[in-house]
Amino acid sequence: MCEGCRSLPASHPGFMSIDDETGIRFLSHQHPREPQLFSVVRQACVRSLSCEVCPGREGPIFFGDEQHGFVFSHTFFIKDSLARGFQRWYSIVMVAMDRIYLINSWPFLLRHLKLTIQSLQSTALKVFDSEQGVCPQRAVRMNSAFSPAVFPHQRSGNAARSLTSLTEHPNLWASLHSSFSWLLKACGSRLTEKLLEGAPTEDTLVLIERQTEQEEEMSCWEGAEGASSKSRHQSVNELGHDFLCDDTKLEEIPGPKFRSLRHLRQVLGVADFRQLAWHVLMGNQVIWRGAHPGLIQSAFIVLKSLLPVGCVRSVPYSGQYEEAYKCNFLGLSPDVPIPAHVSSSEFSVLVDVSIERNCQISAVGDEDICSLYQFTMSSANPQPTDRGPTLLNKLEVALSNENLSVDVVSHCLLCLKEECMNKVKVLFKFSKVDGRGREDTQKVLALLGATGPGEEDNVRLLKFWMTGLSKTYKSHLMTAVRGGERSPSQ
1 MCEGCRSLPA
11 SHPGFMSIDD
21 ETGIRFLSHQ
31 HPREPQLFSV
41 VRQACVRSLS
51 CEVCPGREGP
61 IFFGDEQHGF
71 VFSHTFFIKD
81 SLARGFQRWY
91 SIVMVAMDRI
101 YLINSWPFLL
111 RHLKLTIQSL
121 QSTALKVFDS
131 EQGVCPQRAV
141 RMNSAFSPAV
151 FPHQRSGNAA
161 RSLTSLTEHP
171 NLWASLHSSF
181 SWLLKACGSR
191 LTEKLLEGAP
201 TEDTLVLIER
211 QTEQEEEMSC
221 WEGAEGASSK
231 SRHQSVNELG
241 HDFLCDDTKL
251 EEIPGPKFRS
261 LRHLRQVLGV
271 ADFRQLAWHV
281 LMGNQVIWRG
291 AHPGLIQSAF
301 IVLKSLLPVG
311 CVRSVPYSGQ
321 YEEAYKCNFL
331 GLSPDVPIPA
341 HVSSSEFSVL
351 VDVSIERNCQ
361 ISAVGDEDIC
371 SLYQFTMSSA
381 NPQPTDRGPT
391 LLNKLEVALS
401 NENLSVDVVS
411 HCLLCLKEEC
421 MNKVKVLFKF
431 SKVDGRGRED
441 TQKVLALLGA
451 TGPGEEDNVR
461 LLKFWMTGLS
471 KTYKSHLMTA
481 VRGGERSPSQ
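Per UniProt numbering, the very first residue in the sequence shown carries number 1; after that it's consecutive.
Derived from the structure by calculation, the hints contain no laboratory data.
Cut-off 16 Å, straight-line C-alpha distance, at most; resulting in silico cross-link-like pairs (EDC-like, lysine to aspartate or glutamate): (1) LYS417 <-> ASP203; (2) LYS471 <-> GLU213; (3) LYS185 <-> ASP19; (4) LYS185 <-> ASP20; (5) LYS443 <-> GLU455; (6) LYS417 <-> GLU396; (7) LYS394 <-> GLU419; (8) LYS114 <-> GLU58; (9) LYS471 <-> ASP203; (10) LYS429 <-> ASP440; (11) LYS471 <-> GLU209; (12) LYS423 <-> GLU455; (13) LYS394 <-> GLU418; (14) LYS429 <-> GLU439; (15) LYS394 <-> GLU455; (16) LYS304 <-> GLU418; (17) LYS443 <-> GLU456; (18) LYS126 <-> GLU168; (19) LYS304 <-> ASP203; (20) LYS423 <-> ASP440; (21) LYS463 <-> GLU419; (22) LYS474 <-> GLU209; (23) LYS474 <-> ASP203; (24) LYS185 <-> GLU21; (25) LYS425 <-> ASP203.
When you get a sec, could you build the whole thing from the sequences and use the hints?
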C-alpha cells in the first residue's frame with residue numbers, strides 16, 4: 001500500500017472515543033473490522049472518486065441503494081506540488097442504510113464538512129506555497145525532457161504523498177477522528193424518531209382538551225381582579241386535588257383495592273357485576289357508599305375503563321349527594337342519605353360497602369376483599385342477565401376466559417371500545433350533522449350491527465357515547481360539512 005492510500009501505520013491500534021451519555025464507541029482505523037462493512041465502504045469510496053461525480057467535480061453528491069447502503073459524498077481537491085496538475089482528489093463519505101435519515105441530515109453534514117474541507121485545503125495551500133517558493137515545479141517540468149523512455153522513471157519517482165505530508169499536520173488523523181466522532185454524535189442527536197400509530201384517539205383528544213381548559217381556568221384565577229390571593233390559592237389547590245384524585249393510578253392507592261375488572265367481577269359475583277357494568281355503559285349514575293375512599297376510588301378507576309374518557313364525570317368521594325348531571329360516578333361517605341327520587345330512579349344504581357363484623361383490616365391482605373367487606377347492590381331497574389349491549393356480552397366472554405391474562409383483556413376492551421367509537425362517529429354524522437330522518441338512521445344502525453338482540457341497549461349505548469366525542473372532532477366534522485355545502489355554489 002502506497003503512502004497516499006495509508007492513513008495509520010500497520011502497528012497503530014487506531015483511535016477510539018466513548019460517549020459517556022449513550023455508551024457508544026467511535027472507532028477510527030485504516031480498515032473496518034467487519035468484512036461486510038469493509039465491502040460497503042470500499043465500494044462507496046471507489047464510486048465517490050470515479051463514476052459518482054457532481055458538476056464541477058467538487059461538491060456534495062448522494063447515491064446508493066438498499067443493498068449496498070446510501071452514501072453522502074463530498075469530493076474536493078488538495079494542493080500537491082508534486083502531483084500531476086498540482087492537486088489531488090479526495091472525498092469524505094458517510095454511509096448509512098437509512099436513506100431518509102441521510103437525506104434529512106444533508107444540510108447539517110454539508111455545513112460542517114465544508115468547514116473541515118476548508119481547513120484541510122487552507123493548510124495544504126500554505127504547504128504548497130512554501131514548497132513552490134523553494135523549488136517551483138512548473139519550471140522544472142517545462143525544462144525536463146519528455147520521452148517514452150523517461151516517462152516510466154518519472155512516474156516511479158513521483159510517489160503519492162500522504163495527507164499528513166501534504167498538510168504537515170502530524171496529528172491530522174487524531175484531529176479528523178475527533179471531528180468525525182462529534183459529527184456522528186451531533187448528527188444522530190439532532191434527529192429524533194417518533195412512532196405514529198395513526199390519528200389520535202378520541203380519548204387522547206378529550207384529555208388534551210381537558211388539560212387546556214384546566215390551564216386556562218387556572219390562569220384566569222391567577223389573573224382575576226378583586227379576588228383575594230388566599231381564595232385564589234384555595235381554588236387552585238382544590239382544582240389540583242380534584243384532578244389528582246380523579247387520575248390516581250391503582251398502584252398509588254393504599255390498602256385493599258380492586259385490581260382489575262376481572263377482580264371486581266370475582267368479588268361482586270357474575271350477576272351483580274353484569275348489572276353494574278350495564279348501568280355504567282348506559283350512562284346511569286353509579287353510586288358507591290362506604291367508609292373507605294381508597295376502595296371506592298379503585299372501583300371507579302376499574303369501571304371507568306369501560307367508557308370513553310369524554311363520558312366520564314367523576315366525584316371520587318363526597319360528603320353530600322351530587323346530582324347525576326354533575327357526575328356519573330359518585331363516591332359517598334356511609335352517613336350520606338340518598339334522595340328518594342334517586343332511590344326510585346331506574347337511571348341509577350347504589351352499591352353499599354360495609355365492613356364485616358369482627359374483621360381487622362390490617363390483619364387481612366389486599367387479596368381478601370370478600371372477607372373484609374360486604375357489598376349490597378340496589379337499583380330500581382334490575383337488568384335481566386340475558387339482555388345487554390353487544391360490547392358487554394363480548395367483554396364477559398373475555399373476562400370468563402381464564403386463559404387470557406389481565407393485560408390481554410385490557411387490550412381486548414380497548415379494541416371493543418374503538419370499534420364502538422367508530423360506530424358512534426358514523427351515527428353522529430348521520431343523525432346530528434346531516435340531520436337524517438328516523439328511517440335513514442335505522443338503516444345505518446342495521447348496517448352498524450346495532451339491531452337485533454339487545455337492540456335497545458346498543459342504540460342507547462351509542463347515543464350515550466356520542467356525548468363523549470371530542471369538541472375537536474365535532475368542530476372538524478361541522479366545518480367539513482359546511483365547506484362541502486359551499487363548494488357547489490362557488
